[in-house]
Amino acid sequence: MLELVNVTKTYGQAIAVNGVSLSIPAGSMVGILGRSGAGKSTLLRMINRLAEPTSGDVLWQGKSVLHLRGSTLRAWRARCGMMFQQFNLSPRLDVLTNVLVGSVSRRPTLQTLIKYFPAEERARAILELHALDMADLALQRAGTLSGGQQQRVAIARTMMQLPDLVLADEPIASLDPANAETVMSALSSISQERGITVLVNLHSLDIARTYCPRIIGMAKGKVVFDGSPDQLDAAMVEKIYGRRKSTESALAPAVSTTLSSIPTGEVA
Amino acid sequence: MSKSVDPTTNSDRSSWRLEQIVDHFEAERSRNLRRGRLQQLFQILVVTLLLGGAFQASGLFSSYLGDGALGRIGNFLSRLLPQLHHDRLFEDRATSGSLLYWFYDLDLWLKLLAETVQIAIVATVLGAIFALPLSFLAARNLAPAVWVYWTVRRISELVRTLPDIILALILVAAFGLGPIPGVIALTLGTTASLTKLFAEANEAADMHQLEAVQSAGGNWWQQLRFGLMPQVLPNLASYSLLRLEINVGGAAALGIVGAGGIGVELSRAITFTEFDTYFAVLIMIVGLIFVLDLTSEAIRDRLTGLEKGA
Amino acid sequence: MTAGSDLIERATLIAPNSVYPPWINRFGRWICWVGGLILFGWMCHNLDLRLDVLARGFTKLGVLTKAMFPPFANGGELRIVQSLLDTFAMAVSGTVLGIIVALPLGIIGAKTVIRNPVIHFAVRRTLDILRGVPVLVWALVMISAFGLGPIAGVIALALADFPHLSKQFAEAIENSDTRPSQGILASGGNRIEAMRLGLLPQVVPVMASQSLYTLESNFRNAAILGVVGAGGIGFELEERIRIFAFDQVAWIVVAYVLSVTLLDWLSSQVRARLV
Ligand SMILES: Nc1ncnc2c1ncn2[C@@H]1O[C@H](COP(=O)(O)OP(=O)(O)OP(=O)(O)O)[C@@H](O)[C@H]1O
Ligand SMILES: [Mg+2]
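Heads up: the protein sequence lines correspond to chains A, B and C, in order.
In this text, residue positions in the first sequence follow our numbering: the first is 38, and each later residue adds one.
In this text, residue positions in the second sequence follow our numbering: the first is 1233, and each later residue adds one.
In this text, residue positions in the third sequence follow our numbering: the first is 10, and each later residue adds one.
Just so you know, not all the hints are guaranteed correct.
Claimed, not checked - The calculated BS3-like cross-link candidates involving lysine-lysine, where the alpha carbons are at most 30 Å apart (straight line), are:
no.: 1; chain 1: A; residue 1: K257; chain 2: A; residue 2: K276
no.: 2; chain 1: A; residue 1: K259; chain 2: A; residue 2: K276
no.: 3; chain 1: A; residue 1: K100; chain 2: A; residue 2: K276
no.: 4; chain 1: A; residue 1: K100; chain 2: A; residue 2: K257
no.: 5; chain 1: C; residue 1: K176; chain 2: C; residue 2: K120
no.: 6; chain 1: B; residue 1: K1428; chain 2: C; residue 2: K176
no.: 7; chain 1: B; residue 1: K1428; chain 2: C; residue 2: K75
no.: 8; chain 1: B; residue 1: K1428; chain 2: A; residue 2: K152
Claimed, not checked - Residues from chain A shown here face chain C by an in silico Cβ test under 7 Å; the list is partial:
no.: 9; residue: A156
no.: 10; residue: R161
no.: 11; residue: H167
no.: 12; residue: A172
no.: 13; residue: L174
Unchecked claim - Label-pair distances were calculated between CB atoms; the ranges are:
no.: 14; chain 1: B; residue 1: A1436; chain 2: A; residue 2: R72; range: 29 to 37 Å
no.: 15; chain 1: B; residue 1: R1320; chain 2: C; residue 2: P189; range: 53 to 61 Å
no.: 16; chain 1: A; residue 1: I151; chain 2: B; residue 2: G1285; range: 31 to 39 Å
no.: 17; chain 1: C; residue 1: P214; chain 2: A; residue 2: S92; range: 48 to 56 Å
no.: 18; chain 1: C; residue 1: F81; chain 2: B; residue 2: L1409; range: 22 to 30 Å
no.: 19; chain 1: B; residue 1: E1258; chain 2: A; residue 2: S92; range: 48 to 56 Å
Everything labelled a hint here was simulated from the structure, so no lab data went into it.
Every residue, glycine too, gets a C-beta built ideally from N, C-alpha and C.
Sequences and hints are given; from them, build the entire structure.
In structure tokens:
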């Protein structure tokens, strides 16, 4: 069980996440929706401590993860697999090594620095790749793969961490629909078959409805919706995404700033 | 250089009418033009004065070049060229007029040339080894603290202001004649300049790849190994090769102050006014550097080409 | 352990080469490293780079460094500043001379100006060869030709610079946008006008910036030319080292470093304005 208690994150004056409290039972698959800038990424990054909450608490199985330091912090990060929109693989390393990166936290540092991984870890990596139909590309450079293939490598890397939790930050935002389906169903089966909690940031309502039994909507750093797909009606969608601003009012100030900046905007 | 726009005047101006804005713009423009002309005049004046002073001080136009200058250069050039006889060109070294007579100490020169290359290679390798960890400290995105970044950068700049030869001159006083002061001087210069170049490559790296390793529980070293090194390694190798080219030239010159390598033979030839020998050695140095440049350029092209391919 | 060997067994069925890579993949890298290391050790051995020699040298260097503090000019401040100015003058003159030679060569060497590939190739290759000669090597020759003194240094600097500058100038011309020139030709201008209005505004700032870089490096080079007899700060330095007056050496080095820093800063200010 993952619990967030009144978690807030501010960047200077800006409030990225504002008093979010959630509790997410183990093994559930949760989709997080919201406009750009709503604080979705920040929320996920606070869970594995890539960002530090300004206030509030994050608990895993009843224990706070905010005081973790050094190797225990790294162990916690390994238990939270993270996936990114741009995959963030090392394009020049081969697929297998990219997947093996998922095991570095439990290996002796010196061995990893010379890229030594024992046969058991390599076997595990191959099996994870095989589960995603990627085993025959294991020795190819990651940079030569298509986006969908790269994201599957990223899933395998995440699974290599033997995670309790997967934090996926817009994993399908740069994929075509077919690849998006592949990746989402892989995440879905990870959650159902292995009992891993999956939190996934999404931009597509339909995808969220199809794959996520529970959907959370965020706006301006706050949770504005938390429920099942059928509770997500038009009014709720408008609450999450807000009303589009009128074109006129958006344009007027822009024009005046551009003109007034001409005389002073010296560019040598 | 762009000046930051003052927010207060900006909001005032947003209420201006268009004509006012245009008037203001025109006035500003003509003022700028006038200022520009004055500045240009001033710059020309300064440059002229500077040049006049410089030529005066360096004696470029002074009379002491004299009438005999052309004759002297001609005489010198003729002494630079060896006495070769086309029919005796391939005779042995005892026959005057043969190629071997000209290159009379070829074995020694080849040995010294090899020493020069080895000085350059050892210094480049050592420099790159020292520069790698320093470049992490000297990269803004990797340095553990701003003061560390600042200090390493300043020190590397400081060392770079000192030419290899001057370092070698001081080191020869400590280590005695021979290749060792040369190696140390070049290593110092190489470390300083590669630290800067490596650090710039590190700063251009995509930090998301490091973050991915961090989010997998990787520690600092593992982030560098799997997130950073694959990105920057081709660049680092290419910079090191470039530096190797420079160092071969540097090592050739270092011998002139007694720091080992082929330069020793150059200064000996000059001291004994064996100008044809000087020319022979010079040809060997230039040939070596030329061949090296071509190979290293080909390798560097391949390295950076790989980078583009990925 | 059984779980582990079970994993390995299943994975080996899927991709045997990935679980147990062929020996060349596993050890090839190590063989290269060891080979390189042996080669490196052999070179160090040839250069007599032994630990005891190094230790003795560094001890002596420590003594010399101690003698450097506090830096002391021994009444020679004025002379040192004077020789710094001389060195700067040598650098400026050498740079200007180099630019004068490099300008026509740069234009001839540009692919876009001289279309004849033979001329282009010949000019570029000759410059490539000349670029290999270190400035100190030029200086030795020039000093025997012109005698001791700054004039030999100036010519040596120019000789060392012009191949680099020509290449950079040629590249600046090649990389310039040809559309403005074409526009001027199309609207009835002649070739000279096209160059003056279409090409010059693009290439002059680039060339000026490269010339300033050359000036910076020439200030350093001019300093080392003094060592072989071209006068200036290098001569002062060499003299002090020969008599083991390391407190004065330190004074000169500090003065030199400060003036190099100042020149680099000034030059970077001007360059920032240019581009
Ligand atoms: N490192 C940072 N420094 C300053 N502000 C930040 C930083 N990271 C995020 N923010 C701000 O926090 C707010 C929330 O950002 P976040 O990236 O979490 O939004 P998001 O919902 O993930 O948006 P998107 O859909 O575009 O990815 C934004 O206003 C953003 O500008
Ligand atoms: Mg985001």
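Comparing the hints with the structure gives:
no. : hint                         : result
1   : A:K257 / A:K276              : holds (11 Å)
2   : A:K259 / A:K276              : holds (11 Å)
3   : A:K100 / A:K276              : violated (33 Å)
4   : A:K100 / A:K257              : holds (28 Å)
5   : C:K176 / C:K120              : holds (11 Å)
6   : B:K1428 / C:K176             : holds (25 Å)
7   : B:K1428 / C:K75              : holds (29 Å)
8   : B:K1428 / A:K152             : holds (27 Å)
9   : A156                         : holds (5 Å)
10  : R161                         : holds (6 Å)
11  : H167                         : holds (5 Å)
12  : A172                         : holds (5 Å)
13  : L174                         : violated (10 Å)
14  : B:A1436 / A:R72: 29 to 37 Å  : holds (32 Å)
15  : B:R1320 / C:P189: 53 to 61 Å : holds (60 Å)
16  : A:I151 / B:G1285: 31 to 39 Å : violated (60 Å)
17  : C:P214 / A:S92: 48 to 56 Å   : holds (53 Å)
18  : C:F81 / B:L1409: 22 to 30 Å  : holds (27 Å)
19  : B:E1258 / A:S92: 48 to 56 Å  : holds (54 Å)
The structure does not agree with the numbered hints 3, 13 and 16 stated previously, though it agrees with the rest.
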